[in-house]
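S.K.: Position chain F against the provided structure of chain P, taking the given hints into account.
Here the protein sequences line up with chains P and F, keeping their order.
Heads up, this note's numbering is the position in the first sequence plus 1, with the first residue counted as 1.
Heads up, this note's numbering is the position in the second sequence plus 1, with the first residue counted as 1.
Simulated from the structure, these hints should not be mistaken for lab results.
Fair warning: there could be bad hints in the mix.
In this list, chains with the same sequence are indistinguishable; a pair is considered to hold if it fits within one copy or across any two.
[Claimed, not checked] The calculated lysine-lysine pairs, modelled on DSSO-like cross-linking and capped at a C-alpha distance of 30 Å, are:
1. 57 with 27
2. 117 with 94
3. 27 with 117
4. 117 with 57
In this text the structure is predicted, and so the values were computed from the model without any measurement.
Number of protein chains: 2
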Amino acid sequence: MTLRVLLADSIAMGPGKADLLEAIDKTGSISAAGRSMDMSYRRAWMLVDEMNRCFKTPLVTAAKGGAHGGGAQLTETGQQVLARYRAMEAATKQLADAYLGEFSDVLATTPAPPSKAGADLDHAG
Amino acid sequence: MTLRVLLADSIAMGPGKADLLEAIDKTGSISAAGRSMDMSYRRAWMLVDEMNRCFKTPLVTAAKGGAHGGGAQLTETGQQVLARYRAMEAATKQLADAYLGEFSDVLATTPAPPSKAGADLDHAG
Numbered sequence: 002m003t004l005r006v007l008l009a010d011s012i013a014m015g016p017g018k019a020d021l022l023e024a025i026d027k028t029g030s031i032s033a034a035g036r037s038m039d040m041s042y043r044r045a046w047m048l049v050d051e052m053n054r055c056f057k058t059p060l061v062t063a064a065k066g067g068a069h070g071g072g073a074q075l076t077e078t079g080q081q082v083l084a085r086y087r088a089m090e091a092a093t094k095q096l097a098d099a100y101l102g103e104f105s106d107v108l109a110t111t112p113a114p115p116s117k118a119g120a121d122l123d124h125a126g
Numbered sequence: 002m003t004l005r006v007l008l009a010d011s012i013a014m015g016p017g018k019a020d021l022l023e024a025i026d027k028t029g030s031i032s033a034a035g036r037s038m039d040m041s042y043r044r045a046w047m048l049v050d051e052m053n054r055c056f057k058t059p060l061v062t063a064a065k066g067g068a069h070g071g072g073a074q075l076t077e078t079g080q081q082v083l084a085r086y087r088a089m090e091a092a093t094k095q096l097a098d099a100y101l102g103e104f105s106d107v108l109a110t111t112p113a114p115p116s117k118a119g120a121d122l123d124h125a126g
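Only chain P is shown next, with the shape it has when bound in the complex:
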């Protein structure tokens, strides 16, 4: 189950962007966050830029680099959006899992082998 927050044709928030926000929050750097996700700096930057462009205020701010690099951090909005997305994910997954449990009494333990077409379901049916 994948939840995405769409704005026009842009993905404002989704599983990958949420993971990237967490990595930036942890590493304090877009490039380090990208590396931790086996993602090029450019790819990570593009995702951050897409997120930032979808919200009234940026989710990530980065200081100018210079000799020792700038570093990046989540804004208050970034922290809020990440928390809300994770809450939405957890709640919907918990609900879906609860419903999925209702199928356990009728589901087979393993799928039966395919039937021969027409064997028990006639073509006229």
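M.R.: Just chain F now, kept in the frame of chain P:
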């Protein structure tokens, strides 16, 4: 948001199979249900067979054809599984929509144009 009930590598229930079950219930025929979904009889039959093989008892039964064709209908299990799946779909969608509403205050009305890389997010960040 797409919810699927998986059993091993088989999809026991999903959006397309749920629609097919409803069409069979409405038309009383696998072939007519398939036609109503622009699906070949063979495709519809394969989906029904996959569903039936994933549950302890079949979701769909079809009488032998003969001159006037057999017809098909949902079993009690088929009715139950369809109802549970639709309930799971509705509940999770309602919950996700409620959470999505929480983003409206921070989302932009439309995405801003792409930034030039490095313009406000330094490569060292």
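S.K.: Now tell me if each hint is right for this structure.
M.R.: Structure-based check of each hint:
1. 57 with 27: Classified as within; 24 Å inside a copy, 48 Å across copies.
2. 117 with 94: The answer is neither: 37 Å in one copy and 37 Å across copies each exceed 30 Å.
3. 27 with 117: between (55 Å within a copy, 25 Å between copies)
4. 117 with 57: Between copies, since 18 Å is at most 30 Å while 58 Å is not.
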